[in-house]
Amino acid sequence: MKASRKALSMAVAIPAAAVAVLGMAPMAHAEARATCPDWEKDCAVFYYNSNKEGSRTAFTHDGVANLAGYTFLSSGAGKGLAVKNNAASFWNASVDSIATVFYRSNYDGACDTFAPLADTDRLAKTYNENASFDFDRRGDNCYKWD
Amino acid sequence: MLFRETFGLMRRLAIPVLSLSLLVGCASQEASDPSSAKTSAAAPEPRPDTSSPAASPGKYDYTFRLPIAVYSYTDAEYEVIRSAEQVLARDCMKGFGLAYELPKSPAPVDAQDRRYGITDMDGAQRYGYRMPPLPDAPKAKLTQDQIQVLYGKRSLENGADDRAKLEYRGKEVPEHGCLGKAVLDFRKPYEYREGSAAASRISGDSYEASLSDPKVQAGFGKWSSCMKQKGYDYPSPMDAIESPSFSKGKVSAKEKETAVADVACKQSTGLLETWFKAEAAIQKDMIKKDVTLLRKLDELHEKKLSAARKILADA
Numbered sequence: 001m002k003a004s005r006k007a008l009s010m011a012v013a014i015p016a017a018a019v020a021v022l023g024m025a026p027m028a029h030a031e032a033r034a035t036c037p038d039w040e041k042d043c044a045v046f047y048y049n050s051n052k053e054g055s056r057t058a059f060t061h062d063g064v065a066n067l068a069g070y071t072f073l074s075s076g077a078g079k080g081l082a083v084k085n086n087a088a089s090f091w092n093a094s095v096d097s098i099a100t101v102f103y104r105s106n107y108d109g110a111c112d113t114f115a116p117l118a119d120t121d122r123l124a125k126t127y128n129e130n131a132s133f134d135f136d137r138r139g140d141n142c143y144k145w146d
Numbered sequence: 001m002l003f004r005e006t007f008g009l010m011r012r013l014a015i016p017v018l019s020l021s022l023l024v025g026c027a028s029q030e031a032s033d034p035s036s037a038k039t040s041a042a043a044p045e046p047r048p049d050t051s052s053p054a055a056s057p058g059k060y061d062y063t064f065r066l067p068i069a070v071y072s073y074t075d076a077e078y079e080v081i082r083s084a085e086q087v088l089a090r091d092c093m094k095g096f097g098l099a100y101e102l103p104k105s106p107a108p109v110d111a112q113d114r115r116y117g118i119t120d121m122d123g124a125q126r127y128g129y130r131m132p133p134l135p136d137a138p139k140a141k142l143t144q145d146q147i148q149v150l151y152g153k154r155s156l157e158n159g160a161d162d163r164a165k166l167e168y169r170g171k172e173v174p175e176h177g178c179l180g181k182a183v184l185d186f187r188k189p190y191e192y193r194e195g196s197a198a199a200s201r202i203s204g205d206s207y208e209a210s211l212s213d214p215k216v217q218a219g220f221g222k223w224s225s226c227m228k229q230k231g232y233d234y235p236s237p238m239d240a241i242e243s244p245s246f247s248k249g250k251v252s253a254k255e256k257e258t259a260v261a262d263v264a265c266k267q268s269t270g271l272l273e274t275w276f277k278a279e280a281a282i283q284k285d286m287i288k289k290d291v292t293l294l295r296k297l298d299e300l301h302e303k304k305l306s307a308a309r310k311i312l313a314d315a
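Those protein sequence lines, which keep their order, are chains A and B. First residue of the first sequence: 1, per this note's numbering; consecutive thereafter. First residue of the second sequence: 1, per this note's numbering; consecutive thereafter.
Mixed in with the good hints there might be a few duds.
[Claimed, not checked] Computed from the model, here is a short list of chain A residues facing chain B with C-beta under 8 Å:
| id | residue |
| --- | --- |
| 1 | Y70 |
| 2 | D96 |
| 3 | S105 |
| 4 | D140 |
| 5 | Y143 |
[As the list claims (entries may be wrong)] Once the Cα atoms are required to be at most 30 Å apart in a straight line, the calculated DSBU-like pairs of lysine-lysine come out as:
| id | chain 1 | residue 1 | chain 2 | residue 2 |
| --- | --- | --- | --- | --- |
| 6 | B | K215 | A | K52 |
| 7 | A | K52 | B | K188 |
| 8 | B | K153 | A | K79 |
| 9 | B | K222 | B | K153 |
| 10 | B | K277 | B | K250 |
| 11 | B | K222 | A | K52 |
| 12 | A | K79 | B | K141 |
| 13 | B | K171 | A | K79 |
| 14 | B | K188 | B | K222 |
| 15 | B | K289 | A | K52 |
In case anyone wonders, no lab produced these hints; they're calculated from the structure. By construction, the Cβ of each residue, glycine as well, lies at the ideal position given by its N, Cα and C atoms.
All chains, full assembly: derive it from the sequences and hints.
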């Protein structure tokens with residue numbers, strides 16, 4: 001999967017580098033962990049590989065306007081690499097919150113809203129272009145396919 | 001189509017949230033309108049533009065006027081599904097001998113459309129490039145017992161690792177609780193991952209292709225010149241909204257001024273309509289290639305909505 005994943009990544013090269021903020025510490029109130037904790041009702045998980053495989057990072061509490069600075073945390077392929085513009089699949093592990101993934105930082109550009117407990121094997125729209133996300137962003141005018 | 005169009009209009013008017021009774025009312029309206037059944041073999045027509053063509057780009061909706069939008073649920077439709085899931089969760093709770101009062105719908109919010117960056121002058125003046133704050137969704141007051149059965153393992157204490165707790169009075173609680181079970185069970189018959197993936201891919205690809213469209217590129221150039229005249233140096237609207245200082249810390253006066261200039265330049269150069277038209281044309285070609293998948297996706301959405309309305313009507 002890795003070869004085709006990277007090939008695709010290059011094929012969709014967008015000037016995302018223009019927004020790279022190297023070394024910036026995450027400022028949001030969101031918390032990042034390797035796994036969704038049982039006691040959190042809202043949790044959004046980014047995976048390095050398609051089909052919810054590889055290293056992952058689970059976010060709770062709040063969305064993140066700029067995923068720069070976050071890395072994949074669990075063991076597996078991609079551990080330690082950047083989450084921003086680098087995730088291939090996604091799971092909204094929230095029981096009663098929608099979660100929206102945006103192509104660009106600051107909730108900009110194309111976006112997908114995921115219903116509670118919905119997931120995607122391939123972040124098709126935001127494939128390797130996941131730059132920000134938020135919980136419960138009602139009225140965000142993002143598409144809802146599931 | 002009446003139901004979808006009506007709700008589409010409502011959503012555009014930023015009244016996305018309806019009470020349960022109103023949802024049920026709409027459900028019966030839907031049932032009595034034979035034209036509402038989307039059984040036609042033709043691809044659904046894009047929702048008609050019900051706003052005035054002269055409407056200012058302020059809170060104007062771009063995303064849900066694009067051709068692919070007819071294959072997406074609207075916010076209002078999501079609310080119908082969410083309400084139905086709550087009814088199913090309540091029935092599940094009943095099986096545990098627990099009452100569950102259906103939560104109130106969240107307060108209406110002004111819709112934001114940031115596909116082409118910020119477009120709302122009022123929002124730019126007040127919040128700069130930030131998302132406006134959302135009112136808190138109404139939180140139901142639940143007992144510990146209700147929480148345990150409604151949320152399953154999500155109700156465990158911080159650090160707890162005792163799966164034995166997933167029983168309530170001797171009866172096994174679903175892993176994701178009654179609410180999670182309702183969501184997952186209700187989704188299953190209508191899930192169509194291939195269709196969702198195709199629709200999502202088209203939306204992403206068209207957005208991306210629009211960025212290099214010659215007319216959009218020329219529009220960026222005009223916008224950039226306009227910004228320069230106002231003292232700001234950004235090649236494109238993406239460069240402005242993605243400035244790191246515009247998404248962290250407090251909103252500065254400079255950020256608000258930049259945001260106001262951004263929206264003003266989008267308006268004076270007509271960039272938003274140029275961008276929208278270019279992407280709409282790109283999407284039309286992409287949709288043709290995947291129309292079979294998309295039609296099936298749309299049919300399943302309609303079926304799920306019908307089922308949700310029936311659950312609400314019977315509740």
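Hint check:
| no. | hint | verdict |
| --- | --- | --- |
| 1 | Y70 | 14 Å, violated |
| 2 | D96 | 6 Å, holds |
| 3 | S105 | 5 Å, holds |
| 4 | D140 | 6 Å, holds |
| 5 | Y143 | 4 Å, holds |
| 6 | B:K215 with A:K52 | 38 Å, violated |
| 7 | A:K52 with B:K188 | 19 Å, holds |
| 8 | B:K153 with A:K79 | 27 Å, holds |
| 9 | B:K222 with B:K153 | 54 Å, violated |
| 10 | B:K277 with B:K250 | 35 Å, violated |
| 11 | B:K222 with A:K52 | 42 Å, violated |
| 12 | A:K79 with B:K141 | 40 Å, violated |
| 13 | B:K171 with A:K79 | 40 Å, violated |
| 14 | B:K188 with B:K222 | 48 Å, violated |
| 15 | B:K289 with A:K52 | 27 Å, holds |
Checked against the numbered hints given earlier, the structure breaks hints 1, 6, 9, 10, 11, 12, 13, 14 and satisfies all the rest.
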